[in-house]
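Protein sequences, first through last, are from chains B and P.
Position 157 of the first sequence, counted from 1, bears residue number 157 in the working numbering, the numbering being contiguous throughout.
Position 304 of the second sequence, counted from 1, bears residue number 304 in the working numbering, the numbering being contiguous throughout.
Treat the hints as calculated values from the structure; they're not laboratory data.
Certain hints may be false.
[To be verified] DEER-style ranges, computed between Cβ atoms:
1) B:Gly137 <-> P:Pro71: 57 to 63 Å
2) P:Arg198 <-> B:Ala280: 52 to 58 Å
3) P:Ser199 <-> B:Gly137: 57 to 63 Å
[What the hints assert, rightly or not] In silico lysine-lysine, DSS-like type, Cα no more than 27 Å apart, as pairs:
4) P:Lys93 <-> P:Lys232
5) B:Lys380 <-> B:Lys21
6) B:Lys193 <-> B:Lys174
7) P:Lys263 <-> P:Lys274
8) P:Lys284 <-> P:Lys263
9) P:Lys147 <-> B:Lys205
10) P:Lys284 <-> P:Lys178
11) P:Lys93 <-> B:Lys262
12) P:Lys178 <-> B:Lys205
13) P:Lys23 <-> P:Lys305
14) B:Lys262 <-> P:Lys295
15) B:Lys262 <-> P:Lys24
16) P:Lys147 <-> B:Lys174
17) P:Lys232 <-> P:Lys263
18) P:Lys121 <-> P:Lys147
19) P:Lys24 <-> P:Lys178
20) P:Lys274 <-> P:Lys305
21) P:Lys121 <-> P:Lys274
Just so it is clear, CB atoms sit at the ideal spot from N, CA and C, and this is done for glycine as well.
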Amino acid sequence: MPTQILMPALSPTMTEGNLAKWLKSEGDLVEAGDVIAEIETDKATMEVEAVDEGVLGKILVAEGTQGVAVNTPIAVLLEDGESVDDIDGGAAVIPAPSNDDAQKGSDADDIVISSGNKAVQPTGAYVENRDILYAQGEVIEPPPFDEAEFFAKGTIDQSVREALRDAMAEEMRKDDRVYLMGEEVAEYQGAYKVSQGLLDEFGAKRIIDTPITEHGFTGMAVGSAMSGLRPIVEYMTWNFAMQAMDHIINSAAKTLYMAGGKLGCPIVFRGANGAASRVAAQHSQCYASWYAHVPGLKVVSPWSAADAKGLLKSAIRDPNPVVFLENEILYGQSFEVPTDEDYIIPIGRAKIERSGSDVTIVAFSIMVGKSLAAAEELSKQGIDAEVINLRTIRPIDRWTILESVKKTNRIVSVEEGWAFSGIGSEIAAICGEHAFDYLDAPVTRVCGADVPMPYAANLETLALPQSEDIVEAARKVCYVD
Amino acid sequence: MAAPKKSKKNDKSNDLPSIDELKKFYYDMLLIRRFEEKSGQLYGMGLIGGFCHLYIGQEAVVTGITAVQNPQDSVVTSYRDHAHMLACGMDPKGIMAELTGRSDGYSRGKGGSMHMFSRDKNFFGGHGIVGAGTAIGTGLGFAHKYKEDGGVSMAYMGDGASNQGQVAECYNMAALWKLPVLFVIENNQYGMGTSVSRSSAGQLYRRGEGYGIPGEQVDGMDVLAVKDAASKALDYIRSGNGPYILEMMTYRYRGHSMSDPAKYRTKEEVASMKNDRDPITHVKNMLQERGVDEKVIKDMDKEIKNIVNEAAIFAQESPELAEHELWTDILVESA
């Protein structure tokens, strides 16, 4: 039997890649270990080695093909005595793309998820002493923002990864004090390619590769912020920032207060948060509730590329320490992003991604997508769900959540993290304190299972909230079952 | 790269210090001592609360280093910090009012003994977490280099902090990037109640060797030795060679904090340091040997006593914060 060579998965989150180049031709002898092709993932270009020896009988996917799904047969290897005729006629050959397609690149095939700008957003208001009132637990209208106007001026389709990079680049061009520091951010171009190209543009003085030394470089960045610089600290993932938590909380968040307002710490801590895919317990954890607990920090968690761009720029300009929680799985997803450089999303303002009248679903980060999918399914079942993308975890937009609950009388919170003392718990408290009389059903939380993240694929799926879980929770609060 | 080596004690190869310089040393050290004694007194009266770590006995360290500092240099230390603030030129009244938790304190009463800052004097705290100040100090050095302002970061730590992992991390980065940082280890022999011999392997001034950071052990009870060592170290740093470690062998006469009975050492040990090695007596003796009139010394004593007494009165009369201040300074306000 001829052996099929399959499109390999080259990272935990890779679902497809581009077949950049064949290094062997049909008829060539291949030894095990020979590099036969180059594959581009969204993170890097990788070489593919042959596992078996034989003759490359047939190439099934031509070089230049974009978006080849993992496990698609890309070639057939013939053993001794086999010939091309032995190849099963079922293996379809994918031709090379035409020039037009190649120029468009892989984005052309991506679904650009609409962030539903049709929903009417709260107007918002300028409020004096907003942060003080927030600290005292007041429900305050969010800061004003006419987002639709920015979308109307013009948008491009962009991945979350590109949006984050552009946000940093634009702010770095404007302000010499801004620099980026972290592991593999410079020469490697970012462990997840978020900082791709920044070293070329800004040089090694401002794009700084650190040793693997989170505690030390975080403290260092905090010190530099106190003395007037505006650091962006990238953690390869937030899991590693646990080593640095003392500086994030004790040194960054508390200094302004301890100094009686006379010395602050303008800094952004950013990186991938939450579960990726099959990376087990130490690499799969949501830190939203950990940091949201702390006065003196702002905590932001974008979902779409537009969120990523507008919120990161906002975070970099903010005079306070901002914890910016990204998501590895979202890095490669594309969305519409306003092109205007002044597209700055105010911190503390949620977005209604989909308006609805029957139940409110509140989510952040990757769970916004799952909630929108759930809302689609619910609408087929006759339930009209409103989906709120929190965007900011602290200061949480109590006003937008409560206005929605007053309308729908039902609320489901969705988060990847654990339920206990989670963001959903806070949302339940907000609703209990301020909308008790409006509720027609108990506040319901959809959360990650209360277990360390398992590696096993089936268990990992069970541990994370899925769209079906959200659908089920929404049906329950609507008393449909 | 100069190999780390022990400086010769009482190296007299330098020119004799001028009388004016000795007078300044005497004045600066005595101000610290009297200020700290007054702090201890107010603590005993219940006017200062919480933790209060006194610098008595260690005065030569910060005084000698500050003498060779430039105005653009920055300073950071841990929680035994009153002396560093005084040495930077911060107002004793503002420091004392912070200790009493009043609105005229440097942090308007919200920080207390361990948390005061002054942008004007480039003093960056005052940090309560052992070792954290070293990373922040390394960051100050990073900022000096980034801004190309010619400044050096004086990053003080205790012997206890030198065992923190982040200190090793910072040695590595400071050396790797040639940051202008003077790491000053104030080795007062005890990390709270644990002596250095029970907590630390090897020599603290040699901890940078693996990173190529020169280190030197200095008699921290002798302000002239401190100044000479700091001067040499700063020349090295200001020439762009990167960081330097100075281990100052010093001694605190009081307990770790006000509540420490200091039973981990003998009375004889403390008495011998006070009687034989006191940094202030040392300078006073030199002034007398040089024929400085006793009245000149007495006048300084009197002036300092007045400054400290005024600070204590100020600190008690300064009003408490208004209740709404509970909620201010959490964040730089947004619109």
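Structure-based check of each hint:
1. Range check, Gly137 of chain B to Pro71 of chain P: Cβ separation about 45 Å, and the 57 to 63 Å hint is violated.
2. Distance hint check for Arg198 of chain P and Ala280 of chain B: the Cβ-Cβ separation is about 40 Å, which falls outside the suggested range of 52 to 58 Å.
3. One distance hint, 57 to 63 Å for the beta-carbon pair Ser199 of chain P and Gly137 of chain B, is violated here, with the actual separation near 45 Å.
4. Between Lys93 of chain P and Lys232 of chain P the CA atoms are separated by roughly 34 Å; this puts the pair beyond 27 Å, and the hint is violated.
5. For the proposed pair Lys380 of chain B and Lys21 of chain B, the alpha carbon gap of about 44 Å is over 27 Å, so the pair is violated.
6. In summary, the hint linking Lys193 of chain B to Lys174 of chain B is supported, as the alpha carbons are separated by about 22 Å, within the 27 Å threshold.
7. The straight-line distance between the Cα atoms of Lys263 of chain P and Lys274 of chain P is roughly 17 Å, inside the 27 Å bound, and the hint therefore holds.
8. Taking the CA atoms of Lys284 of chain P and Lys263 of chain P, the gap is about 31 Å. The hint is violated against a cut of 27 Å.
9. The hinted pair formed by Lys147 of chain P and Lys205 of chain B meets the criterion: a straight-line CA distance of about 11 Å does not exceed 27 Å.
10. Under the criterion of a C-alpha separation no larger than 27 Å, the hint pairing Lys284 of chain P with Lys178 of chain P is inconsistent with the structure, at around 39 Å.
11. Distance restraint check for Lys93 of chain P and Lys262 of chain B: the Cα-Cα separation of roughly 17 Å lies within the 27 Å cut-off, and the hinted pair is therefore satisfied.
12. For the given pair, Lys178 of chain P sits about 13 Å from Lys205 of chain B by alpha-carbon distance, which is consistent with the 27 Å threshold.
13. As the CA atoms of Lys23 of chain P and Lys305 of chain P are separated by approximately 16 Å, the hinted pair is consistent with the 27 Å bound.
14. In summary, the hint linking Lys262 of chain B to Lys295 of chain P is not supported, as the alpha carbons are separated by about 41 Å, beyond the 27 Å threshold.
15. A hinted pair counts as satisfied when its Cα atoms are at most 27 Å apart, and Lys262 of chain B with Lys24 of chain P does not qualify at roughly 30 Å.
16. Note on Lys147 of chain P and Lys174 of chain B: the hinted pairing holds, with a Cα-Cα distance of about 16 Å set against a maximum of 27 Å.
17. A distance of roughly 38 Å separates the Cα atoms of Lys232 of chain P and Lys263 of chain P; the hinted pair therefore is violated under the 27 Å criterion.
18. Proximity of Lys121 of chain P to Lys147 of chain P is assessed by CA-CA distance (about 17 Å); at most 27 Å being required, the pair is judged to hold.
19. Restraint check for Lys24 of chain P and Lys178 of chain P: not satisfied, since their Cα atoms lie roughly 33 Å apart, outside the 27 Å limit.
20. Between Lys274 of chain P and Lys305 of chain P the alpha-carbon distance is near 21 Å, which keeps this suggested pair within the 27 Å criterion.
21. The suggested pairing of Lys121 of chain P with Lys274 of chain P is violated, with an alpha-carbon distance near 31 Å, which exceeds 27 Å.
In summary, the structure is inconsistent with hints 1, 2, 3, 4, 5, 8, 10, 14, 15, 17, 19, 21 from the numbered list given earlier, while agreeing with the others.
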